[in-house]
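Could you slot chain B onto chain A? The hints should help.
So the chains spell out like this:
There are 2 protein chains.
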Amino acid sequence: MNDIVSVDPRTGGTVEVVGSETGTGGVDALCRAAARAGRAFGADRAERARLLHAVADALDGRREEIVDTADRETALGRTRLAGELTRTTYQIRLFAAAVTDGGYLEAIIDHPADTPMGLRPDLRRMLVPIGPVAVFGASNFPLAFGALGGDTAAALAAGCPVVVKAHPSHPATSRLVVEIANGAGLPAGVLGLVYGQQAGADLVQHPAIRAVGFTGSLRGGRALHDLAAARPDPIPFYGELGSINPVVVTPAAATERGDDIAAGLVASFTLGNGQFCTKPGLVFLPAGARLHEDIAALVRQTPSGWLLDGRVQAGFSTRVGELGRHTTLLAHGRPAEGAGFLGTPALFAVSASTMDSDVTDEAFGPATVLVSYADTTELLEALGRLPASLTATIHTGTDETDLPALLLEALRDRTGRVVWNGFPTGVAVAAAMHHGGPYPASTSIHTSVGTTSIRRFLRPLAFQSTPDSQLPPELREGNPLRIPRMVDGRQQAS
Amino acid sequence: MNDIVSVDPRTGGTVEVVGSETGTGGVDALCRAAARAGRAFGADRAERARLLHAVADALDGRREEIVDTADRETALGRTRLAGELTRTTYQIRLFAAAVTDGGYLEAIIDHPADTPMGLRPDLRRMLVPIGPVAVFGASNFPLAFGALGGDTAAALAAGCPVVVKAHPSHPATSRLVVEIANGAGLPAGVLGLVYGQQAGADLVQHPAIRAVGFTGSLRGGRALHDLAAARPDPIPFYGELGSINPVVVTPAAATERGDDIAAGLVASFTLGNGQFCTKPGLVFLPAGARLHEDIAALVRQTPSGWLLDGRVQAGFSTRVGELGRHTTLLAHGRPAEGAGFLGTPALFAVSASTMDSDVTDEAFGPATVLVSYADTTELLEALGRLPASLTATIHTGTDETDLPALLLEALRDRTGRVVWNGFPTGVAVAAAMHHGGPYPASTSIHTSVGTTSIRRFLRPLAFQSTPDSQLPPELREGNPLRIPRMVDGRQQAS
Numbered sequence: 001m002n003d004i005v006s007v008d009p010r011t012g013g014t015v016e017v018v019g020s021e022t023g024t025g026g027v028d029a030l031c032r033a034a035a036r037a038g039r040a041f042g043a044d045r046a047e048r049a050r051l052l053h054a055v056a057d058a059l060d061g062r063r064e065e066i067v068d069t070a071d072r073e074t075a076l077g078r079t080r081l082a083g084e085l086t087r088t089t090y091q092i093r094l095f096a097a098a099v100t101d102g103g104y105l106e107a108i109i110d111h112p113a114d115t116p117m118g119l120r121p122d123l124r125r126m127l128v129p130i131g132p133v134a135v136f137g138a139s140n141f142p143l144a145f146g147a148l149g150g151d152t153a154a155a156l157a158a159g160c161p162v163v164v165k166a167h168p169s170h171p172a173t174s175r176l177v178v179e180i181a182n183g184a185g186l187p188a189g190v191l192g193l194v195y196g197q198q199a200g201a202d203l204v205q206h207p208a209i210r211a212v213g214f215t216g217s218l219r220g221g222r223a224l225h226d227l228a229a230a231r232p233d234p235i236p237f238y239g240e241l242g243s244i245n246p247v248v249v250t251p252a253a254a255t256e257r258g259d260d261i262a263a264g265l266v267a268s269f270t271l272g273n274g275q276f277c278t279k280p281g282l283v284f285l286p287a288g289a290r291l292h293e294d295i296a297a298l299v300r301q302t303p304s305g306w307l308l309d310g311r312v313q314a315g316f317s318t319r320v321g322e323l324g325r326h327t328t329l330l331a332h333g334r335p336a337e338g339a340g341f342l343g344t345p346a347l348f349a350v351s352a353s354t355m356d357s358d359v360t361d362e363a364f365g366p367a368t369v370l371v372s373y374a375d376t377t378e379l380l381e382a383l384g385r386l387p388a389s390l391t392a393t394i395h396t397g398t399d400e401t402d403l404p405a406l407l408l409e410a411l412r413d414r415t416g417r418v419v420w421n422g423f424p425t426g427v428a429v430a431a432a433m434h435h436g437g438p439y440p441a442s443t444s445i446h447t448s449v450g451t452t453s454i455r456r457f458l459r460p461l462a463f464q465s466t467p468d469s470q471l472p473p474e475l476r477e478g479n480p481l482r483i484p485r486m487v488d489g490r491q492q493a494s
Numbered sequence: 001m002n003d004i005v006s007v008d009p010r011t012g013g014t015v016e017v018v019g020s021e022t023g024t025g026g027v028d029a030l031c032r033a034a035a036r037a038g039r040a041f042g043a044d045r046a047e048r049a050r051l052l053h054a055v056a057d058a059l060d061g062r063r064e065e066i067v068d069t070a071d072r073e074t075a076l077g078r079t080r081l082a083g084e085l086t087r088t089t090y091q092i093r094l095f096a097a098a099v100t101d102g103g104y105l106e107a108i109i110d111h112p113a114d115t116p117m118g119l120r121p122d123l124r125r126m127l128v129p130i131g132p133v134a135v136f137g138a139s140n141f142p143l144a145f146g147a148l149g150g151d152t153a154a155a156l157a158a159g160c161p162v163v164v165k166a167h168p169s170h171p172a173t174s175r176l177v178v179e180i181a182n183g184a185g186l187p188a189g190v191l192g193l194v195y196g197q198q199a200g201a202d203l204v205q206h207p208a209i210r211a212v213g214f215t216g217s218l219r220g221g222r223a224l225h226d227l228a229a230a231r232p233d234p235i236p237f238y239g240e241l242g243s244i245n246p247v248v249v250t251p252a253a254a255t256e257r258g259d260d261i262a263a264g265l266v267a268s269f270t271l272g273n274g275q276f277c278t279k280p281g282l283v284f285l286p287a288g289a290r291l292h293e294d295i296a297a298l299v300r301q302t303p304s305g306w307l308l309d310g311r312v313q314a315g316f317s318t319r320v321g322e323l324g325r326h327t328t329l330l331a332h333g334r335p336a337e338g339a340g341f342l343g344t345p346a347l348f349a350v351s352a353s354t355m356d357s358d359v360t361d362e363a364f365g366p367a368t369v370l371v372s373y374a375d376t377t378e379l380l381e382a383l384g385r386l387p388a389s390l391t392a393t394i395h396t397g398t399d400e401t402d403l404p405a406l407l408l409e410a411l412r413d414r415t416g417r418v419v420w421n422g423f424p425t426g427v428a429v430a431a432a433m434h435h436g437g438p439y440p441a442s443t444s445i446h447t448s449v450g451t452t453s454i455r456r457f458l459r460p461l462a463f464q465s466t467p468d469s470q471l472p473p474e475l476r477e478g479n480p481l482r483i484p485r486m487v488d489g490r491q492q493a494s
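One line per chain: the protein sequences are A and B, in this order. Here the first sequence stands for residues 1 to 494, where the numbers follow our numbering. Here the second sequence stands for residues 1 to 494, where the numbers follow our numbering.
Same shape as in the complex, but just chain A (with noise of 0.2 Å):
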């Protein structure tokens, strides 16, 4: 078995062998654990939102070693990850909230009724937890995404036990929370780790996996949808695999708040230094706005940065590389001085009628590249081209209304969240967040952030003419645990 190493990409040594990979049987039997711990897990959600406040509350009280960890292996800053942290037991405790409350279980009660269809029985139907689940954290956000982030969140709320793949940036901080949250009092086998891509590998095909939840890259994800999709029973894969998140600035706003939008578009995407799946990644301007100079101006100022990995860092370089044969390279960053896996912000640009989908791929990094864009018909043309994205920016002038509204009606159906005046890093957790995209962006109709996500590992079950005995509370006639339900169509509240 090949060792799993923690690494500090400020000097890119290694700190500490977390353990090893995680053989055949390893993963069986956590999978198989993760099976028993089922059905007790999903069936008490009191005992369940409870669980969720203890580990979001024990995360909490063991903050300076998380953090400390965490920046060990991701060279990510204290600030950023404490407030990662942050975002991470807020998330949790929204999910116990959700849990608590109940209406996401979509309760529907039809009582026996003659319709014109004849007379109907007795019906009800809730959602019940889908069954174990695989997910594999995001690289970067050890934390939000990481082994007890969003998607571990959702399925340990809807009910289902979870097999972490922990990501090869963090190894060391995947093992810490998933120690912390299990003693916090997770029952055995609700929540599992395993170490090393083949043993991601056997997760996704394991029989007692019911579903997958992945962040990362397109090459990593699609193998893994592959393998889902050709299991004897092939399972849900929701997986988000890569963003390019255009950002369009029409001539009135790059007139208006030209100065506004350079200042705010290099923050964004030299963000965690550009390792955030909403970076902006393409953006257009008008041709020879000064807009140009201003944002490469900006550029030139700002340092180089660690990028989580030596993975990540060959894969940066490449891809700037790819970039610089197909575009112009407009300016740099200040050089990279020291040891460790640095990245340097590089700004490219390119004209609208020259870019082409060698341009149009993902950099994970801090580049992005400006497309100049001579007119609306070009700029209409090229968006036309792109390839679907979790965000699309739209920047405007006071008082435009047509010119926007043509580029939200070519954007819309290639985005899953559109911004307006402002830019996609940045993702709040709200029930009306959504966190995903046509493909490649995502593989689900489903969204990854906020609470609605919880439905990826949910299915509905139907009772029918089914004794109140047998039933489970939420759906018994007098509603014993007070849940938002939906009776003969009318919605109830609690």
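Treat each hint with caution, since some may be false.
Stated by the list, open to error - Simulated coverage check for chain A against chain B, where a stretch passes if three residues somewhere in it have a Cβ under 8 Å from a Cβ of chain B:
#1 226 to 237
#2 404 to 416
#3 463 to 470
Said to hold, decoys possible - Simulated restraints on C-beta separations:
#4 A188(A) with S317(B): 19 to 27 Å
#5 R385(B) with H326(A): 54 to 62 Å
#6 L406(B) with D488(A): 28 to 36 Å
#7 S351(B) with R482(A): 43 to 51 Å
#8 G23(B) with E256(A): 48 to 56 Å
#9 P116(B) with R482(A): 23 to 31 Å
Simulated from the structure, these hints should not be mistaken for lab results. Each residue gets a CB set at the ideal place from its N, CA and C atoms; glycine is no exception.
Relative to chain A, chain B alone:
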């Protein structure tokens, strides 16, 4: 191009040449037309609801012709088909009502707020049409699950154009109902029809198609599922592929209600000559119960009937032969006499301890297997080896509670609907219905019957900080279309 012919199952003879197989160019033209029609069709709910009503009215207006055509090429009988047309137009009107109501859009508004995670921008989210949908109707319900059946109605209601693959069992019916629907005013491109197996494969792989609805065989469905998953951009495949529909009769139920259960079971497994996806295919009975002989006696009195087509007849014959090798033939119905694709009811028996996977595969047609169990242990062990089904039925005695609870526990992870003291055939169109289940019952976590099935053809789209004038009316501040929305965490009625 091969001819597409309408065949009379009562004679086996060709009645009419309906058309010819649709070539790749023809499929492409229809898919492109669907893509062009999508935006306008998806945007106007009021117009869409009006069109759905117009389609339902037009179908009702040509009831005689539709029932005659369907009966001629399916031999399902005029009474059954008249009822099925009623169901078809009923569900189209139910979807129209859902479209008008707007609750299915799951509109959520979060106003800007200060949260533990910092300032949150204005966020508004709703579900939007996924885009053109390919629908493969079922053989066994030429109307309610046919070209204008549930999948098509759900997709149109969602705002998605549809291209239907006509089922070879009833091409003339498919052509007729599509002509009627288009004649009722559906805009050009909103509803297309293709013929032939290769056209179906082309459809699933066409870039404009964004989802697939399928009802049919495990083999055909799995092949199309795999095509959908292997696309450069995988799309959701909502398939219903096959179901054994176990029925469990407890010793107390067998004693108390043996006569009723025997009569109900034989009526259920021979309904529509056994061509229901919810047909009970395995019936667990206490060993030695008189019920075995009661059921056999009823089967011996049941006449043969026509199967849908020559392919179904051949498949049924093969499957009956296989069952004969792995079980004991207990009884068959009155022998077939006359022309056409006749199929004779067949009743098999096996003991729970020797029931293997050759027995638990679906037999499409009027056959079922009685499985004798010696005791509760043997029964539960056998249930633990069942594949998942659309339904699972439990017959219990008065005041029985412990054994039924064990049965429910054993079956609930293997089914989409639990039926108590009844029979699984007959799927009410209601909000609380669920038609689906773990694979191979379906490939999806969504239902395919009732208004909640609309969710399959929608995806979330979020708007961040977007001017009111650029928002869809459903998300504007004043709620001009008066739809139900969740605003700042509170559900608001229309």
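Right, here's what the structure says about each hint:
With a cut-off of 8 Å between beta carbons, the stretch 226 to 237 of chain A has 7 residues touching chain B; three or more are needed, and the interface restraint holds. Only when three residues or more bring their CB closer than 8 Å to a CB of chain B does the claim for the stretch 404 to 416 of chain A stand; here the count is 8, and the claim holds. Counting residues of the stretch 463 to 470 of chain A whose C-beta sits closer than 8 Å to any C-beta of chain B gives 7, which meets the bar of three, so the coverage hint holds. Judged by the Cβ atoms, the range 19 to 27 Å given for A188(A) and S317(B) is violated: they are separated by roughly 51 Å.
Taking the beta carbon of each, R385(B) and H326(A) are about 57 Å apart, inside 54 to 62 Å as hinted. At about 32 Å, the CB distance of L406(B) to D488(A) agrees with the hint of 28 to 36 Å. About 47 Å separates the C-beta atoms of S351(B) and R482(A), a value consistent with the hinted range of 43 to 51 Å. Checked against the hint of 48 to 56 Å, the pair G23(B) and E256(A) passes, with Cβ atoms roughly 53 Å apart.
Under the hint 23 to 31 Å, the C-beta atoms of P116(B) and R482(A), about 27 Å apart, fit the expected range.
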